[in-house]
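Line by line, the protein sequences are chains A, B and C. Numbering-wise (this note's numbering), the first sequence opens with residue 1 and increments by one. Numbering-wise (this note's numbering), the second sequence opens with residue 1 and increments by one. Numbering-wise (this note's numbering), the third sequence opens with residue 1 and increments by one.
Hints are computed from structural coordinates only; laboratory data are not their basis. Where a beta carbon is used, it is the ideal one built from N, C-alpha and C, also for glycine. What you were told as hints is all true, and nothing was included just to trick you.
No more than 25 Å apart at the CA atoms, straight line, and that leaves these computed lysine-lysine pairs for BS3-like:
#  : chain 1 : residue 1 : chain 2 : residue 2
1  : B       : Lys235    : B       : Lys152
2  : B       : Lys26     : B       : Lys49
3  : C       : Lys32     : B       : Lys28
4  : B       : Lys173    : B       : Lys306
5  : B       : Lys107    : C       : Lys32
6  : C       : Lys32     : B       : Lys105
7  : C       : Lys32     : B       : Lys26
8  : B       : Lys255    : B       : Lys152
9  : B       : Lys235    : B       : Lys255
10 : B       : Lys107    : B       : Lys26
11 : A       : Lys84     : B       : Lys255
12 : B       : Lys105    : B       : Lys285
13 : B       : Lys182    : B       : Lys213
14 : B       : Lys49     : C       : Lys32
15 : B       : Lys49     : B       : Lys285
16 : B       : Lys50     : B       : Lys26
17 : B       : Lys28     : B       : Lys285
18 : B       : Lys213    : B       : Lys255
Heads up, incomplete: computed chain C residues facing chain B, CB under 8 Å, no partners named:
#  : residue
19 : Ala35
20 : Phe47
21 : Gly143
22 : Gly144
23 : Arg159
24 : Ser238
25 : Asn242
26 : Thr284
27 : Leu287
28 : Asn290
29 : Val294
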Amino acid sequence: MNASVRTIGLNGRELLLLAACALAIVVFSIAAPAFGTPANAATILRNSVELLLIGLGMTFILAMGGIDVSIGIVMGLAAIAVGKLLEGGAPVPIAALAGPLAGMALGLITAAVVVLGRIPAIVGTLGLLGVYRTAIFVALGGQWLSGLPTGLTELLYARPLGIPVSAWIIAIAYLAAWLALRRTPYGPHLLAIGNAEEKARLSGIAVTRVRFATFVASGFLAGVAATFYVATYRNVEMSIGSTLALDAIAAVVLGGTSILGGRCSLIGTVLGVLLLRILQNGLLLIGVPSLWQTVVTGALLIGVLGMEAAAGRLKFSSIGQAAR
Amino acid sequence: MFKFAKQLLAATVLTAAATAAFAQDKPKVAFVPQLIGIPYFNAMEAGGKKAAEDLGVEFIYTGPVDTNPVDQLQIVQTLIDQGVNAVSVSVLDASSIAPVVEAAKAKNVKLFTSDSDAPDSGRAVYVAQATDEGLGFAIIDELVRRVGEDAKIGIVSGEATASNLNAWIGFMKARAAEKYPKLQLLEPQFAGGTAQRATQIAGDLIAANPDLKGLIAVASSTCPGVAQAIETAGKIGQVVGTGYCSPNTARSYLKSGAFGFTVLWDPAQLGYLTVWAGKQLIDGKQFEASNTIQGLQSPATYDATKGILLLGPPAIFTADNVDQFDF
Amino acid sequence: MNKVLRLDSRSVSLLILVCLWVLVIAGLAILKPAALGGAMLTSVLQFSTILALVALGQSLVILAGGAGIDLSVGGAVSLSAIVAMLLLKAGMPSVLLPFACMGAGLLLGLFNGYLVTRLRILPLIATLGTFFVFSGLALALTGGAAQSGVPQWMLSWGRGVWFSIPVPFLTATIPVFVLAAVVLGYTAWGRWIYAMGHNETSARLVGIPVDRTRMILYALSGLLAGVAGLVSLAWLGSGRPNIGQNLELESLTAAMLGGIGIFGGRGGVGGVFAAVVLLITLKTGLLQLNVNTVWQVGIVGALLIVVLLADRFYQNRR
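The following block holds chain A by itself, in its conformation from the complex (with noise of 0.2 Å):
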């Protein structure tokens, strides 16, 4: 078994990711002087958020085997829970926390299918997609939520010693990530599930308790980028969310999470996202129509496992055999 948590220490890709960004920023300060100011970096932050926190928890499910195409439809539907609460007048603080609790409520019914059901991720949640989509358009009924009051975004927004709200909760997310990574036997039983799932199971490892509790986590993140949403955006469309989980399974292998379970990488998905909003802020500041973004996304990919590829570092004797 040779499941290494790469969390501190840079790693190849890890190195690639950080050089890219540099030279995508290098070269965009150069071609477009708006791009270097304070005001734009404090843009791309701000668009990162959601992806940060949804990445974060894609990162631990790419990394036991597992992945989720409805993650950005639970926001969705955990956003119109916050944002009816704040609709009715709640309290702004309950309205902060039913993000996180709806979200997590949402992660044990993925769980529940694909764990307890034992219906592979990619088809669970694949079907689970198309419920809860329909559970949105039940839920907001047609009428969108527009014009929420500013409550939430006052509390989300202020800077205690200087820093926003939101990057104290991407830090704290983070750092406990790390920790029950390396910290707590999750970590490693993590991984293993990850590499063989079955070998797991027949060396004790408690797999249905770790990919259930992997599952609800990513829905408590969901859910707490669900508020983050609301904040910011004080609006609750009929599509919300629907491009978030392709970008986010993106932004993670990008990172350098394997798919195939066994690696994954934390610093690899912030830089991936990063990357990622780095390069859509940079070409659209450059001039390049914004539809272009999506053929960027792709070759971004394609070019960067490509170019692993090529240069040898995947050495899988069968992907088959890996698959499953």
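Assemble the complex: chain A is given as a structure, and chains B and C must be docked to it using the hints.
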């Protein structure tokens, strides 16, 4: 499983039988929006329902859950097969409607367009909120009044494939080129359907163009995102936001100053006019050059050469008058 | 038909599908007898054509195992249709339009195959990347505008109906499904595919050219997407940059409902065909009954979960 299925079936049979008995013999008018679950089309549905009650027709409202032309086509086709008397469509893409126009003719179903047109498709009439030209011109004229003639203006649209939105953008460009040569319209950016993407792109546009004076949200789904970007960038007063946004969606942004004004018609009135037009077509009546219709604020004009039934000029909403409207 | 049934005898999903289909039809017959008829048949088959073609490609890729999946099918449909129309605009003779469309699809599929078999990028990731690239390119190259100018002779193929059956369904979908069923059921090549999906290591050991077969399957999935793009052109009369939207998830749903095992080696194309027709009939039936479309996605999603749970339950009992 089987028992449950039987019960379910029995229950549905009962309810369906009840509704069928209730709704017999009334002519049926259907409206297929571009997308369901958005406030704009919901308002049209409400207006259509009201007209159906007033005019004694049965009104069917059903549409796709994604802005997917094939799904829309399937819905229109099913309505035709179902034997409704008239179907109106807010067309997602003008070119793809052709197959069902022929099917409708074969079954003697009156197929017409409403809200978004497919010219040259053979549709019976186009029920328009305002001309595409009028909408494109209005927003540019109003914006120039607020930001001056030599301003730089960004455009954020929704789906790149929506033909009505693209038509409006085309007329915005035409107006700028013809009347305000110093006005600099940036190339339109497309945000798809989410507020998040709209905010991201609007924010990027503001960052990229520090001298930006105006920002236009073309799709109603981009309105909150564009306004939010102006607010979070702290550019209220420097960048004037606007768009084709309903008063309810734009209210808080008009009041905060992120939006200077918005342009829209009353979609409920458009829904009313749509059902009225459907009834006229079913009855085989001609449209007059000017039609005074009970339930509508102003008479609807008909352009026989283009086959366009026009609701009237669009309304301009500002912080001062927005509270008078609720849609 | 017997062959198909026997292939799927290990799973109950096909049985569930047929029961459901009968239920939908029976429900419709009771509630809306007028709806059943030639018009409905035409409509269901017309809207099944594109999904069936794409779902077949998806199923073949999954069948061969190796964590096979093709998320790029929808993007490939859009892009092949757009590329063909752009070539036409650039002066290509219109006779070549079908070949350009299918050729473009084939090349896109080969690219997927290259990424998966040569660079050994996991299919889910490789095709997620190409999904972004293909669907993005179709939009970016056109700025979102529909590309008109499909020649008249293609329209009469795409919109033709023979005895209530749409011509593209008759001339494209049926032949490829029959061909696929025959190849999978009666040729060595078909047995290779099942063997690969069932156990790749032993397949390699007995000398099956696993990588080449897999490359061909991805290319086929692309080619079928190209055919689907062609059908869309001939039917709608224009190339739409987002015509393939959602097809990746819909084709996956159809394949899974049709009894294709996600890990490969299990299922047959007959089930996929049944699943496609069921999905479209269900959609049409719900529309006929004026059930709000928001329930469609949820019902299909729930159906997917229930069928897989039932399948799992059945397997556990054995």
